[in-house]
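J.: Residue-level listing of the chains:
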Amino acid sequence: MQAMVYRGPYRVRVEEKDRPAIEHPNDAIVRVTRAAICGSDLHLYHGMMPDTRVGMTFGHEFVGVVDEVGSSVQRLKAGDRVMVPFNIFCGTCFFCARGLYSNCHNVNPNATAVGGIYGYSHTSGGYDGGQSEFVRVPFADVGPSPIPDWMDDDDAVLLTDALATGYFGAQLGGIVEGDVVVVFGAGPVGLYAAKSAWLMGAGRVIVIDHLNYRLDKARSFAHAETYNFTEYDDIVVHMKKITEHLGADVAIDAVGAEADGNLLQHVTSAKLKLQGGSPVALNWAIDSVRKGGTVSVMGAYGPMFSAVKFGDAVNKGLTLRMNQCPVKRQWPRLFEHIRNGYLKPSDIVTHRIPLEHIAEGYHIFSAKLDDCIKPLIVPNAA
Amino acid sequence: MAYTPDKPKLAESSDELRARIPGWGADLDPRDRPSVPQEIFDPTFSGAHWEFPERQPERWPREKSIEHKFVTPVFGTSCPPRGLSGAIRRYSYAKYSEGRAAHWLLLLAADRVDVAESVLRSFATLRPDNPFTQTGVRAERSHHGLRSRLGQNRADVVHHPLDPIIVAAPWIAGAGLAYALVRRLVRRKG
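Chains A and B, in that order, are what the protein sequence lines are. Residues 1 to 382, numbered by this note's numbering, are exactly what the first sequence covers, in order. Residues 1 to 190, numbered by this note's numbering, are exactly what the second sequence covers, in order.
Just so you know, these hints were derived from the structure itself, not from any lab. Values in this document were obtained by computation on a predicted structure and should not be read as measured data. Heads up, a few of these hints could be off.
Restricting the straight-line Cα-Cα distance to at most 20 Å, the calculated cross-link-like pairs of lysine to aspartate or glutamate (DMTMM-like) are [as the list claims (entries may be wrong)]:
no.: 1; chain 1: B; residue 1: K69; chain 2: B; residue 2: E51
no.: 2; chain 1: B; residue 1: K9; chain 2: A; residue 2: E225
no.: 3; chain 1: A; residue 1: K241; chain 2: B; residue 2: E12
no.: 4; chain 1: A; residue 1: K241; chain 2: A; residue 2: D312
no.: 5; chain 1: A; residue 1: K291; chain 2: B; residue 2: D6
no.: 6; chain 1: B; residue 1: K7; chain 2: A; residue 2: E23
no.: 7; chain 1: A; residue 1: K291; chain 2: A; residue 2: D312
no.: 8; chain 1: A; residue 1: K77; chain 2: A; residue 2: D149
no.: 9; chain 1: B; residue 1: K9; chain 2: A; residue 2: D149
no.: 10; chain 1: A; residue 1: K271; chain 2: B; residue 2: E54
no.: 11; chain 1: A; residue 1: K316; chain 2: B; residue 2: E117
no.: 12; chain 1: A; residue 1: K271; chain 2: B; residue 2: D156
no.: 13; chain 1: A; residue 1: K17; chain 2: A; residue 2: D67
no.: 14; chain 1: A; residue 1: K240; chain 2: A; residue 2: D312
no.: 15; chain 1: B; residue 1: K9; chain 2: A; residue 2: D154
no.: 16; chain 1: A; residue 1: K241; chain 2: B; residue 2: D6
no.: 17; chain 1: B; residue 1: K64; chain 2: A; residue 2: D216
no.: 18; chain 1: A; residue 1: K344; chain 2: A; residue 2: D149
no.: 19; chain 1: A; residue 1: K291; chain 2: A; residue 2: E244
no.: 20; chain 1: A; residue 1: K240; chain 2: B; residue 2: D6
no.: 21; chain 1: A; residue 1: K344; chain 2: A; residue 2: D154
no.: 22; chain 1: A; residue 1: K241; chain 2: A; residue 2: E231
no.: 23; chain 1: B; residue 1: K7; chain 2: A; residue 2: D67
no.: 24; chain 1: B; residue 1: K69; chain 2: B; residue 2: E98
no.: 25; chain 1: B; residue 1: K69; chain 2: B; residue 2: E58
no.: 26; chain 1: A; residue 1: K316; chain 2: A; residue 2: D287
no.: 27; chain 1: A; residue 1: K77; chain 2: A; residue 2: D67
no.: 28; chain 1: A; residue 1: K309; chain 2: A; residue 2: D234
no.: 29; chain 1: A; residue 1: K17; chain 2: A; residue 2: E356
no.: 30; chain 1: B; residue 1: K7; chain 2: A; residue 2: E15
no.: 31; chain 1: B; residue 1: K64; chain 2: B; residue 2: E54
Short, incomplete list of chain B residues facing chain A, as computed with Cβ under 7 Å [unchecked claim]:
no.: 32; residue: L28
no.: 33; residue: R33
no.: 34; residue: E39
no.: 35; residue: P43
no.: 36; residue: L107
no.: 37; residue: V113
no.: 38; residue: D114
no.: 39; residue: T125
no.: 40; residue: T135
Here a beta-carbon is modelled for each residue, glycine too, at the ideal position from N, C-alpha and C.
Construct all of the structure, not just a fragment, from the sequences and the given hints.
T.: Dropping the structure here:
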């Protein structure tokens, strides 16, 4: 089968690999019909995530058709159209029993701090991902769900991470009616977080980025008020000015490890790998939110230390909330919102890239060419 | 506005927002939010039909964090450790916890060694690594590389020139090393 393969920082290609095999009785093999490149895949692509091995297939956002099931699988059968959450989880460990599916303790021998994630380095369990024609899906009775008949693959694939994560990020903000919410990052997660903030009753939603085409999307898709931080000497001061010098009630970091806005922070983390991530957006969130406010962190960071302005967070009495999204918990409510016409996930898709052009796909997304917001990957077998 | 007890007034009322924005306030009640609270004890929700899962066979000794009691019952099987990079990785997992910087720095070092090993290994195959095609840089031409950057006031353009250096530097260093070795061998024979 054809699969995307990592060859080193900034280098990927398509290779012929063996079709994955059933390795556990509750495994399924899924034929991928649609995948996506996530912003967090770029951290792997840029060589930032420890234990990213040459030969690994990335991709934690994918949907497909069940091709084969293991002997203990009861809820799926060959031919079912399924969407697969990016979290791999057992369903019964201490954490899963409490709904913390992204923190499962039974799926990642390499680390206790991270759950299992498809195609996201050995730090996240060493599973190959879905930028491929076929993928092994562990715990098939627990993770995947049938795609509703009324939903197409382009919408479904965005529910496997980006939309669910943005929606979850807004929930962690603890938004109450009339809150001022500032979202750092107008990528897919930021756009969905901004849109979700309105669902929760925000009174004002502000989105910050440096890419004008993405800010245009934040206005049209998420009805947000937008600011390009490159146009201001100090975006934190500007946030204070537009909030009567109090700050926003809730700030959401939807950028993560490769944030721009401070060259030193960016280069020491994204280029030199001396930090777990560039915390520019997180520091701006801490400084832009009001005292007693909440910062919700949805951006992905590596496991190493980062230069976070923790003193300001303490002195302001902030609540910092964060986690990888437990995707499957979000689906029933998100299905309702989509059916009601409140959300149309695929409105942010800008590129559909054949699997054999995966190298170009990564470059377009990484370098932000051609007004790229969300690239989907279409395998040959789709 | 002076610093008073009042919350600053919003430009639009809730009714106006509800009229303008599809779905405004649909999740106003926290009970409608699926992750509120984040922890809800319900061991039957997931559909699992086990208390502890059956164990996946270990086809090679699986490296694990020393913070884990045992190898988890299910794990990924991509890219078993091999060569020098594999030895560094196994050492890092066996010796250091996730709380130690040494653990992660060794893994990052192993990643770089892995790349060098893989490039060398690829030269013994019919499909050696090609740093040009693998970077996808051909998309610069087909997807408006210049137009996407020029005059856009993007904050990231300033560090884009570092990317080709990061990709090319190991290849140039490797070629230089190979040249020096060959020259030394030729001189020794001469």
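J.: Against this structure, judge whether each hint is valid.
T.: Structure-based check of each hint:
no. : hint            : in the structure
1   : B:K69 / B:E51   : 17 Å, holds
2   : B:K9 / A:E225   : 16 Å, holds
3   : A:K241 / B:E12  : 19 Å, holds
4   : A:K241 / A:D312 : 19 Å, holds
5   : A:K291 / B:D6   : 15 Å, holds
6   : B:K7 / A:E23    : 57 Å, violated
7   : A:K291 / A:D312 : 10 Å, holds
8   : A:K77 / A:D149  : 16 Å, holds
9   : B:K9 / A:D149   : 44 Å, violated
10  : A:K271 / B:E54  : 42 Å, violated
11  : A:K316 / B:E117 : 49 Å, violated
12  : A:K271 / B:D156 : 12 Å, holds
13  : A:K17 / A:D67   : 17 Å, holds
14  : A:K240 / A:D312 : 15 Å, holds
15  : B:K9 / A:D154   : 40 Å, violated
16  : A:K241 / B:D6   : 17 Å, holds
17  : B:K64 / A:D216  : 46 Å, violated
18  : A:K344 / A:D149 : 16 Å, holds
19  : A:K291 / A:E244 : 13 Å, holds
20  : A:K240 / B:D6   : 16 Å, holds
21  : A:K344 / A:D154 : 10 Å, holds
22  : A:K241 / A:E231 : 15 Å, holds
23  : B:K7 / A:D67    : 56 Å, violated
24  : B:K69 / B:E98   : 14 Å, holds
25  : B:K69 / B:E58   : 16 Å, holds
26  : A:K316 / A:D287 : 9 Å, holds
27  : A:K77 / A:D67   : 8 Å, holds
28  : A:K309 / A:D234 : 16 Å, holds
29  : A:K17 / A:E356  : 13 Å, holds
30  : B:K7 / A:E15    : 58 Å, violated
31  : B:K64 / B:E54   : 18 Å, holds
32  : L28             : 4 Å, holds
33  : R33             : 5 Å, holds
34  : E39             : 4 Å, holds
35  : P43             : 4 Å, holds
36  : L107            : 4 Å, holds
37  : V113            : 10 Å, violated
38  : D114            : 5 Å, holds
39  : T125            : 11 Å, violated
40  : T135            : 5 Å, holds
In terms of the numbered hints stated before, the structure departs from hints 6, 9, 10, 11, 15, 17, 23, 30, 37, 39, listed from lowest to highest.
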